[in-house]
Amino acid sequence: MRDILRRMQTWAERRLPALTRYRRPENLPIELHRRRIYIVPTGFGLGFSVLLLVMMVGALNYTNNAALLLTCLLGAASATSMLLAFRSLDRLRLSHIRAGHAVAGQPIELMLVFDSRRNRSAIRVDLEHSRTAFAIGASGSAEVKLTLPTAHRGWQMLPRLRLWSSWPLGLFRAWSWLHPEQSVLVWPRPEAAGPPPHAAADDARHMRLHQGDELAALRDYRVGDPQRHIAWKASARHANLLVKDFEQPQSRPQWQLDWRQLPGLDHEARIARLARWLGEAQAQQRNYSLWLPGDEIASGSGPLHYARCMNALAQLP
Amino acid sequence: MIAPPSRKARSETPIDIRSFDLLSLTTAFVLGLHAAHLPWWLDITLALLLGWRWWQRRQRAGRVPRWLKLPLLMLLTLAVITYYGSIFGREPGAAFAIGLLILKLLETESARDVRVGIGFACFALMTALLFDQGLIVTVIVALGLLPALATLRALEPAQTPMTLRRSLLPGLGLLAAALPLALLAFLLVPRLSSPLWGAPSPREARTGLSDRMSPGNFTDLLTDDRPALRVSFGGTPPPPDQRYFRAYVMWDYDGTNWNYVDLVYRAPVELLTSHTIKYQISMEPTHQRVLPMLDVPVDAPEGARLRQDHVVMADRPVNDPLTYTAQSAVQYRLQPELGIQARQRGLSLPVGFNPRALALGREWRQRYGNDDAAIVQTALALFHDGGFSYTLSPAPLGRDAMDDFLFNTREGFCEHYSSAFTVLMRAAGIPARVVTGYQGGYWNQVGDYLLVRYSDAHAWSEVWLAGRGWVRVDPTAAVRPERVSLGAAAAAGEQLAWYRNDWLQGLRNHWDIVNRWWGEGVIGFDAVRQRGLLTPFGIRDADTKTLGALLAIGSVLFIAIGLGWALLRRQARDPLRAALRELERKLARRGVVRRPSEGPQHYLSRAARALPGQRDELAMLMRCYLELRYAHDEPPPESLRDFQRAARDFRVVRVVK
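Protein chains in written order, with the numbering used here: chain A, 26 to 342; chain B, 3 to 659.
One or more of the hints may lead you astray.
[To be verified] Just so you have them, the derived chain B footprint on chain A, three or more residues with Cβ under 8 Å: (1) 71–82; (2) 279–285; (3) 304–314.
[Claimed, not checked] Derived CB-CB ranges, DEER-like: (4) A:Leu53 with B:Lys588: 37 to 45 Å; (5) A:Glu153 with B:Arg650: 39 to 47 Å; (6) A:Leu53 with B:Arg65: 42 to 50 Å.
[To be verified] Here are a few chain A residues that sit away from chain B, every Cβ distance over 12 Å (derived from the structure): (7) Arg32; (8) Glu38; (9) Pro50; (10) Leu196; (11) Tyr246; (12) Ile255; (13) Ala259; (14) Asn336.
The hints are simulated quantities; they were obtained by calculation from the structure and are not laboratory data.
Yeah, the Cβ is synthetic: ideal placement off N, Cα and C, and Gly gets one too.
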């Protein structure tokens with residue numbers, strides 16, 4: 026049944042462009058107005074109107090004017106609720122969209138910011154299969170979190186959003202399509218396992234020779250130790266000389282990640298490996314630089330640096 | 003990827019406690035409205051079930067198990083059938099519907115269940131009006147829509163939390179906004195001229211007078227103070243002692259009962275009259291055919307026939323409120339010539355009953371000879387001076403009821419007196435009969451109408467006197483003159499319940515004008531009145547097609563108004579612009595008109611050149627404006643106020659050339 030409906034919808038959109046003229050992506054902000062809000066009764070609305078009809082025929086048949094008046098009142102209230110449903114969407118504005126970070130295959134988190142001058146209740150947003158509801162109170166804006174499934178790295182267009190509401194009575198459903206012209210950048214998925222990056226040859230020596238100025242321990246004197254490092258007070262209580270050993274918490278050596286150093290792998294595999302290395306470097310709090318064809322990112326660290334590198338990777342052709 | 007939840011699963015998500023509370027409230031309201039029509043044991047059971055379910059749902063969400071629900075359903079069906087004997091009809095139908103509504107609450111867990119429950123509750127609210135469509139009941143029923151609407155609102159997601167009162171108020175606003183459209187629809191929905199299916203069951207208890215009278219059977223009626231008739235007169239109303247409304251004329255007495263026999267094909271007897279009075283009666287439904295008329299009706303209104311004794315019978319029972327216009331004689335001679343047959347009928351008495359009363363009548367005849375009037379006076383004097391008293395709870399009477407009453411108990415009310423009087427007259431050889439109807443009523447000054455209640459029911463006698471025809475004699479008045487001048491309640495004195503005291507009664511009488519307006523304006527708005535609705539607009543007879551077209555036009559009009567409201571976009575007020583406009587108007591009066599394509603800077607510079615005397619002032623205003631407009635996102639309020647003041651105080655100085 027749903028398939029049939031969906032097929033009919035696609036057909037209608039192909040054949041009757043006027044009906045679906047808001048299919049094309051538009052720039053933010055998008056403000057809803059009467060030409061793009063549609064209203065149909067819900068299933069409950071249809072059932073309720075049948076009930077009203079039964080009540081009316083009953084009241085007419087028994088010439089019971091009080092009951093007829095009640096039925097008319099209920100019917101008029103239902104009809105008025107249609108206007109309220111329309112008004113709950115009218116002039117609602119999608120002002121901007123913020124996207125989170127996600128690697129391909131994982132859902133990406135989107136933050137939609139709606140604003141309105143009026144208070145609004147029970148507005149629902151459908152994005153593919155993610156659905157959420159929000160209300161706008163006195164602050165005049167609402168942030169709505171949605172997730173969007175991703176499949177491939179790179180820029181991904183946002184699909185159409187459906188904004189709908191059955192406020193206030195659930196008898197009518199007002200809806201509108203929003204197709205913001207906005208893409209989200211999906212990071213490449215890192216490979217599951219692989220070799221560590223090729224470390225520079227002088228790394229080990231660099232580490233050995235390094236001396237810091239923080240006292241780490243006392244050790245036996247060895248020939249060649251500088252005299253000023255000898256712990257005289259401690260040595261007085263022992264048989265042999267003790268020397269203060271200094272050390273500095275050594276940041277791990279920096280990685281120079283380079284596209285050119287990964288021969289023999291195909292394009293996507295290279296990207297996946299670089300992505301894994303970037304992730305490891307970030308986890309180990311190393312400094313790292315990245316060289317990519319057409320882009321060179323100098324050494325750095327921290328989440329912003331990581332995001333910059335991943336963005337560059339994601340945008341590779 | 004995880005499959006999306008199916009539509010069914012989504013609607014099955016359990017509802018929150020708020021929606022359930024509101025649904026319970028709605029259901030409780032419906033139960034309360036119907037409580038009076040249901041047997042008390044069903045009321046209590048359903049109320050307990052409702053309370054239990056509400057408590058249980060607060061403890062833990064979940065449906066009541068099926069093994070409990072099914073027996074309850076069968077129990078309900080069985081109970082209704084055993085009590086009423088059927089499941090169809092108004093009372094059993096209502097009982098069954100309310101029971102089902104409570105049972106529905108037992109299994110209510112999802113939003114869909116709640117919506118079904120609310121729809122059902124709305125229907126049940128409407129059925130409450132089938133029992134009573136008075137103004138107060140209708141208003142209460144309409145108030146019952148508030149929790150129903152609030153429940154539907156509570157089902158919508160993402161709302162700010164609200165108190166109960168605040169959740170009911172928007173519904174009131176919605177109903178108020180819907181009222182004009184509802185009234186339009188009410189006026190124009192074409193009424194059916196004949197019902198599509200059977201009218202409500204005639205099993206309904208008849209109210210009002212019956213076509214049979216025996217001493218004592220008015221007791222229920224005399225304590226029923228619901229309105230029976232509302233009478234408005236074209237001119238001045240008749241004085242209280244002439245406010246006799248005739249319903250039945252009873253000739254036949256069998257020793258216990260006086261009976262009315264409906265002789266359909268006899269022509270009305272002759273009525274000579276010099277003075278008639280016109281009036282209109284609105285009558286509450288009695289499910290009987292008799293239409294009470296002011297004594298004595300000259301002819302019958304439409305849809306009714308005048309019987310032999312000027313009793314008016316409608317063609318079908320009065321099941322709905324009815325309004326009719328009539329004309330009656332207040333000074334009259336009814337049936338100046340009495341035929342032999344009629345005379346015999348007016349003298350006949352059952353054999354073997356009331357020997358002492360018969361003897362007394364014969365004795366009077368011997369004493370007064372042919373002076374009928376003297377006999378009547380003697381009888382009235384007997385009631386007045388013979389130790390008789392007026393009471394609504396007289397002692398029971400034996401087989402010879404009239405003997406018992408006249409010589410033993412000597413207490414009773416109108417039925418006893420009229421019955422005894424008529425028997426005495428017949429025994430004395432004067433043709434006599436009993437007439438029942440209403441007497442008195444409350445004159446509502448504000449509404450200019452006479453309110454007659456069921457408790458104003460009365461019985462009196464008529465005697466036939468040669469040369470005068472039938473003459474009304476009210477023996478009760480001989481015992482208790484207040485009965486005629488003030489009504490049964492006054493005559494009964496202390497015997498009535500506390501709630502019928504004078505002060506409250508007065509309040510109720512005044513309030514009745516609202517009921518009358520409701521009854522005539524709303525309840526009595528039938529097919530005939532609807533057809534005449536458009537007479538002021540030149541449409542004499544509005545048929546279904548015209549009404550339908552008007553309804554469509556009116557609805558479109560209302561929808562247009564509603565759409566206008568919905569589409570209303572308030573322009574954001576721009577005080578800076580308004581101030582500049584004011585300045586422009588002042589300058590325009592001196593001939594410096596801003597061109598459509600001209601920006602503020604150019605325009606104000608031009609103005610400064612045109613009015614050299616105020617060049618500096620204008621240049622300052624221009625600078626201010628430009629800064630306020632373009633230097634800030636939001637102009638700072640104090641500078642804005644300065645600019646507004648400057649623009650307001652700006653005066654173009656007239657330069658003498």
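Hint check:
no.	hint	result
1	71–82	holds (count 7)
2	279–285	violated (count 0)
3	304–314	violated (count 0)
4	A:Leu53 with B:Lys588: 37 to 45 Å	holds, 42 Å
5	A:Glu153 with B:Arg650: 39 to 47 Å	violated, 57 Å
6	A:Leu53 with B:Arg65: 42 to 50 Å	holds, 46 Å
7	Arg32	holds, 17 Å
8	Glu38	holds, 21 Å
9	Pro50	holds, 24 Å
10	Leu196	violated, 8 Å
11	Tyr246	holds, 67 Å
12	Ile255	holds, 68 Å
13	Ala259	holds, 65 Å
14	Asn336	holds, 25 Å
The structure fails hints 2, 3, 5 and 10 (numbered hints given earlier, in ascending order).
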